[in-house]
Structures are given as C-alpha cells and as structure tokens.
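Colleague: Got chain P sorted already, so can you dock chain D onto it with the hints?
Here is how the chains run, residue by residue.
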Amino acid sequence: MRSDEAKFILSAFRPRGEDAGDPQMTRALLQAGRDPELLRWLDEAREFDLFVASRLEGSTPVPAELKTNIMIGAQVCESARRSFRSFLIGTAAAVVLLVGSFGLLLRSLEPLAGWQLAALEVIPRLSSGQIPFDEQSNDLGELQDWLKEAKAPNATTLPLGLSRLGAVGCKTLSWDNQLVSIICFGGGKGGFVHLVIINRQGPPHAPRPSSPHWIERSGWLTATWSSGEQTYMLAMQSGRAALKALL
Amino acid sequence: MIKRANARKSERFMDFQELVDANHAALYRFALSLTKSEDRAADLVQETFYRWAAKGQELRDPSRAKSWLFTTLYREFIRAHRHESLFAQVDPSEVPEGITDVNLIPDEVDSAAVREILFSFEEIYRAPLVLFYLNQLSYRKIAETLGIPIGTVMSRISRGKARLRRRLSQEQNCCEPRKIIPMFHSNKPAK
Chain P
1 MRSDEAKFIL SAFRPRGEDA GDPQMTRALL QAGRDPELLR WLDEAREFDL
51 FVASRLEGST PVPAELKTNI MIGAQVCESA RRSFRSFLIG TAAAVVLLVG
101 SFGLLLRSLE PLAGWQLAAL EVIPRLSSGQ IPFDEQSNDL GELQDWLKEA
151 KAPNATTLPL GLSRLGAVGC KTLSWDNQLV SIICFGGGKG GFVHLVIINR
201 QGPPHAPRPS SPHWIERSGW LTATWSSGEQ TYMLAMQSGR AALKALL
Chain D
1001 MIKRANARKS ERFMDFQELV DANHAALYRF ALSLTKSEDR AADLVQETFY
1051 RWAAKGQELR DPSRAKSWLF TTLYREFIRA HRHESLFAQV DPSEVPEGIT
1101 DVNLIPDEVD SAAVREILFS FEEIYRAPLV LFYLNQLSYR KIAETLGIPI
1151 GTVMSRISRG KARLRRRLSQ EQNCCEPRKI IPMFHSNKPA K
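One line per chain: the protein sequences are P and D, in this order. So the first sequence is numbered by this note's numbering: it starts at 1 and just counts up by one. So the second sequence is numbered by this note's numbering: it starts at 1001 and just counts up by one.
Bound conformation, chain P alone:
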C-alpha cells in the first residue's frame, strides 16, 4: 500500500481508535507503522480530529426536554397504535359478524336438492290425504320391512328422538330414476315429522354432511345428513327447536 493510499483510508479512521479492527484500516495502520512520515501525519490528523469532535460536541448542547419529549411522544404513539389496533380488531369482528349473518342469509337462499324438493312437494298431499301412503302402520318395523321388500331406500339408523314417535305410513316416489322413500311420523310437539331417505350412490350432488345441515324453505325446516349408505332429510313445519329435539 502506498502512503497516499494509506492517508486516504486513514482520513476516515476515527480518532479514538474505534476502527482499528477494520481490515482496510488495519492494512493502512500497518503501513503507517513502517513509514515514520505517515505515522507523524496520522498522529497529527488524530489530534486535529479529536479537537474538532470535542468542539462540535461542546458547541451543540442538546435541548434538555428532548429526551422527555421522545419518551412521552413514544408512549402517546404506542397508545394511539393500540387504539387503532382495537379499532381494527373491532372492525374485523364486525366484518366477521356481517359475513356470518350474510352466510345465514345465503343459507336461507341455499337451494335444496331435486329429490328434497320432490319429497316436499309430495308430503303435504300425503298429510292432507290427497294421495295415499304406500303402506300405513303405526309400527315402524313394518314400514321398514315394506320398504326393504320394495327395494326402496331404508332407514338403517334412526335418531333417538325420532324412534320415540309413532309412525304413520310410508311412501316411495321416483325422482330422476332414483327411488326416494318417505316415512311419516306423528305425535311430536311440532305435529307431523317426515323422514325422507335416498341412497347415497344416487344423485351425485346430494349433500353428504355427517352432522345435520339446516335449510329453511317455503315454511319447511329441513335437516339433512348422511349416515352409512343413505342420505336423510328430516322435514317439519314447526320451529328448529322441535326438530332439533328429535336429532
């Protein structure tokens, strides 16, 4: 390293020696160790730099209140940020609620599957006697036997609440070349309850939730779920609580 290069580098050497560990400075300092003239220059430069640094510090008093203002201001900013964060959280919660409500609204508009609509079309006429049951009995077992005989979808598992109700009769209908079974029950708090059954391998878009999926449509409250090879829909015209009590 030439002396003029070393001087150029050492111009940026802090006078209290903070940069002594810097590789570039180390090389320049080594050069100064070999060159007495450069070493003299460095000593004088450091003395000058210390002089300027001390004069600069001495000439620029820091306002006494600056530190206090920084600390107070930072706390105020933090508090404002917290408020803003709370506002954001509140807004997010409101959005979630709104979306949730919108979800409920969408659910009320959610379409029922074709086989469900077909069943709901038939059920009032069955209840009013406009069309007859295929089989009438208060014994659920007899109705299940009949459905088995007819190779129609059958209830293999029944909700506990439903099994306590008295059976009325059953009916099969054809929808899209698939058999759909309806078993009507009476004696519940909400009046007649209708269990509609379709085999799961039937319509490709049949809902298959294992827990009840609730849809309200045209005065009917329906709960649809799947179990085993069947998809079930329980339908009644009273409130959700009465229907829930059966599941």
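Take the hints with a grain of salt, since some may be wrong.
Claimed, not checked - So the derived list for chain P, only partly shown, Cβ under 7 Å to chain D, looks like this:
#	residue
1	12
2	52
3	53
Rather than coming from a laboratory, the hints here were simulated on the basis of the structure. This structure is a prediction, so every number in the text was calculated from the model and none was measured. Glycine included, C-beta positions come from ideal geometry on N, C-alpha and C.
Modeller: Below, chain D without anything else, positioned relative to chain P:
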C-alpha cells in the same frame, strides 16, 4: 399471562429508554447539522425514535439499532426536503486535492466557530463529516446511512477535512494574523 405481557412491555420500555439515552444527543447533533434549525432537528430526532418504537424493534440484530436510527433520520430529512437540491455543485477549485498535512491545532478557534464552519459546508461534505466527528458510526456505516459508496465517503471525509482545516486556518489568521503561520498545505503525492 398478563404478568408476562406486562414484563415484556416493561422490558421493551427499558430497552427503548436505553436506546434513547445512548443515541439522542448524537442524533440531534447530526439532525442539527442537516437542518440548521434546532426545532426541526428536535422534530427529526423525535420522529426517528417514534419510527423505531413502531417498527425498529422488529430488527433482529440489536447491534444495528444505531445505524438504523441514523439511516432513518437521514432518509426522513431527505423525504422532507426532497424539493431542495441535496447535491449542490461544488467548485473543484475550492477543494484542495490530495491529503493535507496538519501542523498545528488551532486552539484559539472556539467551539461555535468550528460548528459554524462545519455547518456552512454543502451537505455532501457536511453529512459525512458530522457523522465522522460524532464518532458514532464507522465509515462503512456512514456509507450505508447516506446511501453512497464507501469510496465516496472516504473521499468526502478527506476533502471535507481539508476544507475545514483551510477555513479554520483562515479564521485564526483573521483573528490573530501575525501569530499564526500557515497550518495546512497541500501534500500531493509525487507522481
């Protein structure tokens, strides 16, 4: 859980206070050299610490905190003065090329004069020189802070010091013209 959160909050507050204690004076002096206004300098320093309180604590390496503060302050200054010309043209004849010798220390020059002379320089010299004399950042960190190459920082410090010596010499000559022999002379390397 609440106790732990409070402990963390208190720890953060202590860290912040330590950071303010350690750096606010140097930052203020740097800000003052940039703005030349005590109020604007104080505003800049406060704004810098508020930014730290909001974002800086996300820095994973605490050793970079000082550099972060100086860099943020400088950027904030530039943002606020974007319309001004930050890179004033310098008349090359004003600046002695090469490295000057220092033969005497101008004891007679008072602190206010040193500051006045230093602060009168164009920003391209003022900013690196003040950062250098504040003793807070290495030349590499100064380059990072000002967003200029290391070589440029060295060059500006070297040239800036030469100008400073010349001006201080003039100042001394002005006050005591008979007593002072010329302190600085050009020492261009032989080609």
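Colleague: Could you run down the list of hints and mark each one as holding or not?
Modeller: Evaluation of the provided hints:
1. 12: At 4 Å from the nearest chain D Cβ, residue 12 of chain P passes the 7 Å test, so the hint holds.
2. 52: holds (5 Å)
3. 53: At 5 Å from the nearest chain D Cβ, residue 53 of chain P passes the 7 Å test, so the hint holds.
In this structure, none of the earlier numbered hints is contradicted; all agree with it.
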